[in-house]
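Participant: Sequence:
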Amino acid sequence: MAYQTEYTRSIEHPELFWQEKAADIPWFKAPTQILGKDELGTDRWFLDGELNTCYAALDYHVENGRADQVAVIYDSPVTDTKSKLTYRDMRDQVARFAGGLAKLGISKGDRVVIYMPMVPEALIAMYACARLGAVHSVVFGGFAPHELAVRINDATPKAVISASCGIEINKVIPYKNMLDEALNQAEHKPDHCVILQRPQHQGEMTDGRDLDWNQVAEADPVDCVPVKATDPLYILYTSGTTGKPKGVVRDNGGHAVALKYSMKAIYDMDAGDVFMAASDVGWVVGHSYIVYAPLLAGCTTIVYEGKPVKTPDAGAFWRLIEEYQIKAFFTAPTAFRAVKKEDPEGELLQKYDISCLKALYLAGERLDPPTYHWLKELSQLPVVDHWWQTETGWAIAGNLMGIEPVEAKAGSATYPVPGFNVQILDNKGEPMPAGEQGSVVIKQPMPPGCLTTVWGDHDRFQNSYMKIYPGYYLTGDGGYLDKDGYLFIMGRTDDVINVAGHRLSTGEMEEIIASHAGVAECAVIGINDELKGQLPVGLVITKDGWQGTPEALEAELAALVRQEIGAIACYKQTLVVDRLPKTRSGKILRKILRSIADGKEYQVPSTIDDPASLKEIEQAMATHKVGAAS
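Read left to right, the sequence shown gives residues 1 to 630 (the UniProt record's numbering).
Keep in mind the hints are simulated off the structure, nothing from the lab.
Since the structure is predicted, the reported quantities are computational estimates derived from the model, not experimental observations.
Take these hints with a grain of salt, some might be off.
Quick list of simulated restraints, FRET-style, between CB atoms [unchecked claim]: (1) Gly566 - Asn184: 51 to 59 Å; (2) Thr8 - Asn64: 32 to 40 Å; (3) Thr79 - Lys376: 27 to 35 Å; (4) Asn498 - Gly65: 53 to 61 Å.
Lysine to aspartate or glutamate pairs mimicking EDC-like chemistry, simulated, CA-CA at most 20 Å apart [claimed, not checked]: (5) Lys37 - Glu50; (6) Lys543 - Asp529; (7) Lys587 - Glu365; (8) Lys29 - Asp75; (9) Lys21 - Glu39.
All C-beta atoms, glycine included, are put in the ideal place defined by N, C-alpha and C.
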């Protein structure tokens, strides 16, 4: 097996393996010390190497025959705008904008916070920071002022780059107003703000602090600044259990090597191909697979300012695939569940020719088997469920389409990716037998590209990820490896519930419920029960046009779970709701749902997409006497 050979080499001879992969990156100084420890005792890759990520992604391609190839396609149905930038366009605009930042005093090691919508200027700002060796921290555009202020205080940027507004369906979000409010709240004050004024809304400028994007972007161009492989490229904040976000730090060298490798190994992309990740630059998928990986690999990337549905309809993704001849398409399962809800028979796909597409990739949350089967049947293409985290920056497990595609199993992320030594341990740190669920961990050393610390708080890095199982990285997910070596991620470890002494996966129950013909989307949570410890409760969104009653659906789902899992599951209660509370990246906030059901106080996370959904859930639970409300 090609996969088995590649994987075994990566685990048994990691330094040799990654030295070979590093040769695919244009280094200023090629590394000779491939793996070692830093002063804090953390494993680090390519310690003596020097490079510049912007050079590797832009200048290198301009100098080697790709100057006139399209690098970035901008498609914005919300503004009715389309445009294209070649590699030369990108290099020149980035070099000038970097020159403008340099004139503002931004240099190697300085932090810059970027708070932008999905526009090409967001990529230009990120690459300009990389060109200077400055460290960018992108905050999802539209985050509440308080959350932006928290991140500004933590990253202490010299400058903030933003836009006057973001645009949603029939709605303008005044980013500049939100930024001003965040800066009023923040203890740290940046020297400058650079604002991209958009025609849909003009932001008010503060004299002496705020500069128009065009002023900065017309500076003399500057060259790429060499940085060490171990120097930070960016900080990206992810939710922490304490409520304070964790600043995941990504280095330059390991990141470039891992992402370049992944484009071929996982996505089977070659230079010149068109790749699309339907995400946002504010999330890790946007960083890795909109901004950096496609251009490191000499591909064309797509910046999409729109939604999977309603811009204008549930055929939006199919239209993009045909129009831009996309070879690989990547999004979150929740996006295709939205498409499935509005167009359950896939009628809109018939309008488009997607023969250019070779595979669909889904990640960000568990791909439930009903959505997997629907998408596979509809597209007649490989549907690749791959699993990764903000912390890792690229996939931990997947079906490696560029090495050896294998038969997929619904509900599985297939095999661990080369470099990731994935193991399943019990709570005492002992290996679990095949087929039995435990804690999913990664044996150290982690491969290149993974987080190296938490910004400004290395103890938190150690305590959150490395100390629970010494010698292993704790993913925080539960799952199992089956007898064939396929990895099944069943959700966060606290998504396993204990019903009368039996450990049951809510993910498994969600699969069963989602298979019902009337169910568009669902979540199952465990609520406290005096008699049995915990009991499962389902929250369900029904498909458009479904004719049944909530009472009949509740009875049918109870029978279905009893049939598939047995009476042991004790599944009886189902609430039909209009929407489920989610993060902006599509993850259902199950922990908060449990808190509501158990009558506990909870903190509304900064990443929530629709806070009003929580009040609706509280009302529904009270009406139906769920959990503490009963």
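Participant: If a hint holds in the structure, say so; if it does not, say that too.
Facilitator: Structure-based check of each hint:
In this structure, Gly566 and Asn184 meet the distance hint of 51 to 59 Å, their C-beta atoms being roughly 57 Å apart. At roughly 33 Å, the beta-carbon separation of Thr8 and Asn64 lies within the given 32 to 40 Å, and the hint holds. Distance hint for Thr79 and Lys376: a CB-CB separation of about 34 Å, consistent with the stated range 27 to 35 Å. Distance hint check for Asn498 and Gly65: the Cβ-Cβ separation is about 60 Å, which falls inside the suggested range of 53 to 61 Å.
Distance hint between Lys37 and Glu50 is fulfilled; the C-alpha atoms sit about 17 Å from each other, no more than 20 Å. Of the pairs offered as hints, the one joining Lys543 and Asp529 is violated, with about 30 Å between alpha carbons and a cut-off of 20 Å exceeded. Taking the CA atoms of Lys587 and Glu365, the gap is near 6 Å; set against the 20 Å cutoff, the hint holds. At most 20 Å may separate the alpha-carbon atoms for a hinted pair to count; Lys29 and Asp75 exceed this at roughly 38 Å.
For the hint pairing Lys21 with Glu39, the CA-to-CA distance comes to about 25 Å; that exceeds 20 Å, so the pair is violated.
Violated hints, in rising order: 6, 8, 9; the structure is consistent with all others.
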